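Asker: Chain by chain, the residues run as shown.
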Amino acid sequence: MIAHADTIDNGACLRADVCVVGGGAAGISLALALSGQGLSIILLESGRMGEDAATQALYAGEVADERLHSPADKYRQRRLGGSTATWGGRSMPFDPIDFETRSQVPHSGWPISYEDLLPFYPQANALSEAGRFAYDADEALGAAAPPMVRGFTSEVVRTNGLERFSCPTNFGQRYERRLRVAPDIQVLLGANCIAIGLEADGRSVRDVSVATLAGRRFRVAARATVLAMGGLETARLLLASRDVAPRGVGNEHDVVGRYYMCHIAGNVGTLVFNGRPQDVRHGYEITPEGIYCRRRLAVAATEQRRHGLANCVARLHFSRITDPRHRNGVLSGLFLSRKFISYEYGKRLHDGTDPTPGVYARHLWNVISDPVDTAAFLVHWATRRTLAQRKFPSVILRNRTNRFSLEMHGEQIPRADSRVTLTGKVDALGMPRLHIDWRYSPEDIASMDGTLQLIAQELERSGTGRLDYDRATLEEDLLRFGAYGGHHIGTARMGTDPRTSVVDADCRVHSVDNLFVAGSAAFPTSSQANPTLTLIALSLRLARHLAGRLAPRQAAHVHGAAP
Amino acid sequence: MRVLVLGGSGYVGSRLCALLRDSGWATPVCASSRRTSTGVESVRVDTRDPAAMADALRGIDAVVNCVAGNASAIGEGARVLTRAALAAGCRRLVHLSSMSVYGTAEGRIDESRAIDGAPGWYARAKCEAEEHVAAFAAQGGAAVVLRPGCVWGPGSELWVGRIARFLQARRLGDLGVAGDGWSNLVHVDDVGQAVLAALRGTDARPGVRAYNLAGPDSPRWNEYFVDLALAIGATPVRRLPALQLRLDAMLAGPPLKVAEILGRRWPGGARFMPPPMPPNLLGLWERHLHLDASRAERELQLHWTPYAVALQQSAAWFLQQRRGSLPDVPVLRGGDSPT
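From first to last, the protein sequence lines stand for chains A and B. Heads up, the first sequence is in the numbering used here, so the first residue is 8 and it goes up one at a time. Heads up, the second sequence is in the numbering used here, so the first residue is 13 and it goes up one at a time.
I should point out that these hints are in silico values taken from the structure, not numbers from a laboratory. Being a predicted model, the structure only gives us computed values, none of them experimental. For every residue, glycine included, the Cβ atom is placed at its ideal position computed from N, Cα and C. You may find that some hints are simply not true.
Anything over 10 Å on all C-beta distances counts as not near chain B; from chain A, calculated [what the hints assert, rightly or not]:
hint	residue
1	Gln180
2	Asp250
3	Ala423
Which bits of chain B does chain A cover? Going by a derived footprint, with three or more residues having C-beta under 8 Å, they are [claimed, not checked]:
hint	region
4	113-127
5	158-169
6	242-250
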């Protein structure tokens with residue numbers, strides 16, 4: 008069932024087997040996976056079904072350097088479904104190498120392996136509506152599917168890996184009815200968790216405190232509590248709960264909020280292919296089950312180890328939109344309409360410089376002088392994206408010149424000094440606001456450089472094309488828009504050593520027996536992949552762990568043997 | 013044991029007659045109002061005709077009621093049948109009901125759930141029939157009521173043939189929220205096995221016992237649509253907006269229905285018209301009713317046909333039928349639908 012938290016009696020204490028805090032992709036997946044196993048579940052969601060400005064304002068915080076990180080309330084949504092209300096839908100599993108302890112990536116290594124997570128990925132794909140769990144082009148599209156670049160084969164730089172796209176599915180809308188129908192799930196909307204209350208010995212959660220914007224207060228006491236609030240809010244709540252643990256819950260070793268990661272991403276260089284434009288596939292394919300997917304360039308794991316590179320992918324992309332020299336009507340149209348595009352999706356249309364009237368005029372000329380392409384694009388966009396339920400994932404231009412840039416997306420090396428902390432200011436519910444100090448390392452840029460060199464080398468070796476990029480401006484190219492928005496990772500990282508991690512391999516907070524973290528906060532490293540699919544898979548794995556952990560007592564209850 | 017199978021020429025009934033014939037312990041008598049079947053002893057009978065029923069019940073040890081049709085055939089037919097059976101001293105009855113007796117209920121539903129039957133004539137008729145069966149049991153009859161979900165398998169026009177053609181025409185696909193309901197698909201052979209188990213088990217103990225029937229691994233509708241589309245090559249599967257589905261059923265539906273009826277008057281005429289999309293299916297596909305069939309599995313010792321096996325058989329049947337090598341497909345009715 009779904010109810011509003013204002014219907015709960017003031018001062019009440021609700022009881023459940025599992026309390027899930029946060030109704031986004033992680034929380035909804037977890038609750039649905041726990042359903043039907045004899046457990047009672049309460050899911051606390053701060054927002055409602057749609058956007059609510061007062062609730063969204065609870066996110067507000069400070070950012071150390073606004074050029075490096077977007078404001079704390081951007082790329083996130085406080086509503087049922089969380090940020091899946093606005094996500095792009097790219098649904099990628101992590102690679103086996105992401106879980107390894109790698110000398111080239113300090114602080115790397117997960118306490119679980121790819122194989123531990125693998126059984127949960129197919130269900131994560133199903134929940135994301137991203138089709139089958141098949142990420143090899145031959146497997147997903149058939150061996151007859153055209154290659155990315157005809158004539159390019161390389162054991163160093165692979166092009167048979169796919170990325171798949173969700174609709175993008177809004178988990179709140181998509182799974183609302185499942186949540187309503189489930190007799191063992193109680194979803195409370197408008198329910199803001201403002202404190203984790205520990206028992207006096209600090210070793211278990213007694214209850215969590217809930218507040219609504221209308222002023223109602225109650226508690227939820229559960230046998231297991233799961234924080235599924237996203238990479239920033241999870242750390243915020245842990246740090247802000249200081250009644251029993253003076254440094255914050257799970258923060259005995261000052262790890263909560265540290266090792267904060269996003270992704271290093273940007274458009275780099277000029278790639279010119281030698282062959283005919285029709286021999287290059289830079290756009291989307293559709294799998295038999297109807298999913299948009301696309302090939303990318305990726306350095307093979309063995310080569311990453313050999314050359315000491317972090318994990319990264321590259322996609323064929325068009326040139327910089329803001330620069331009218333591309334003479335493309337569609338891109339100029341995007342530039343001119345940037346005021347109407349949301350912050351999250353328009354960010355890369357604003358590169359910090361103030362365009363002169365001359366630049367506007369040249370963009371306008373591009374649109375006027377390229378009417379056929381512009382009109383064809385608009386029709387395609389309207390039918391395949393605006394009106395479609397499964398949306399064409401991004402702008403793809405007709406390849407006329409065989410000239411591209413590379414859109415890079417890679418992991419960053421975890422750093423203890425990249426962190427979120429609490430400020431002295433509080434929000435409407437009295438919760439301390441966040442201070443975000445995201446940092447990256449010179450090694451991140453050097454690793455991207457190494458990846459680009461390998462791609463250039465393999466293109467040259469195969470004679471299929473040529474990649475030119477300016478090493479002197481590489482850092483600027485990659486950081487022009489700061490950290491890639493929306494991927495908040497690592498603030499309650501998983502590990503075996505409490506001095507360098509917050510949760511264990513079961514996502515349980517080291518020092519608290521019944522407190523768990525779901526979501527990308529628990530990732531120790533960030534991978535080349537977008538985090539959503541993996542955080543869903545990790546939540547499903549956590550659901551299985553919780554069901555096993557909580558079920559025996561339940562069974563005993565049924566037979567009347569337990570007190 | 014002589015078993016009278018009412019509705020014996022239907023999808024479930026004809027399969028059941030074959031299973032009984034091969035069982036070695038039962039002799040089926042196929043009763044149908046429409047046509048007689050080949051290979052088994054058969055009689056033509058309208059279940060609403062008391063005299064004909066009394067005739068048909070002579071020498072019969074047990075009755076299986078698989079009658080489909082309109083509200084009167086289902087409801088009134090059950091009343092006449094149960095009275096005639098009591099009068100004839102035939103006290104063993106297996107009655108095929110439907111999950112539609114649970115009305116609009118959602119969630120996991122077992123047999124303890126009260127039946128309500130609203131909305132729709134079909135559900136009301138099925139509830140009325142169950143009431144007559146209960147009255148039969150109260151007067152000393154031993155009855156088993158089976159409540160299957162959607163009965164499918166090779167030969168199922170309703171849940172394979174029709175769906176497959178909608179998929180090929182891209183009028184069906186992944187429906188999102190509109191196809192998130194449970195399919196409750198159950199293989200026709202599993203229904204047959206349940207009837208056989210019920211016949212062997214009802215040792216004339218008076219009373220009535222109900223069993224839900226649905227494959228425990230039967231998926232949600234969306235998953236079935238995608239799987240069937242892949243199996244018959246109706247790819248790439250499209251994600252359909254709910255609006256398209258509603259327009260198809262509500263706007264295009266009535267004229268297509270008229271065309272279908274007119275088309276029947278000319279030999280082969282119906283083949284060239286696209287079939288109408290029945291509006292009641294839209295409600296079925298989005299309904300989160302999940303039949304709990306664990307009682308049937310436990311007490312009738314059913315071994316369910318795995319979903320993947322049933323899917324493969326069904327797709328193979330459809331493709332073979334398309335190639336035209338199956339001239340006479342038995343049975344065009346079955347499962348939970350009046351359409």
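Asker: Indicate, hint by hint, whether the structure satisfies it.
Answerer: Hints, verified against the model:
no.	hint	result
1	Gln180	violated (7 Å)
2	Asp250	holds (39 Å)
3	Ala423	holds (43 Å)
4	113-127	holds (count 3)
5	158-169	violated (count 0)
6	242-250	holds (count 5)
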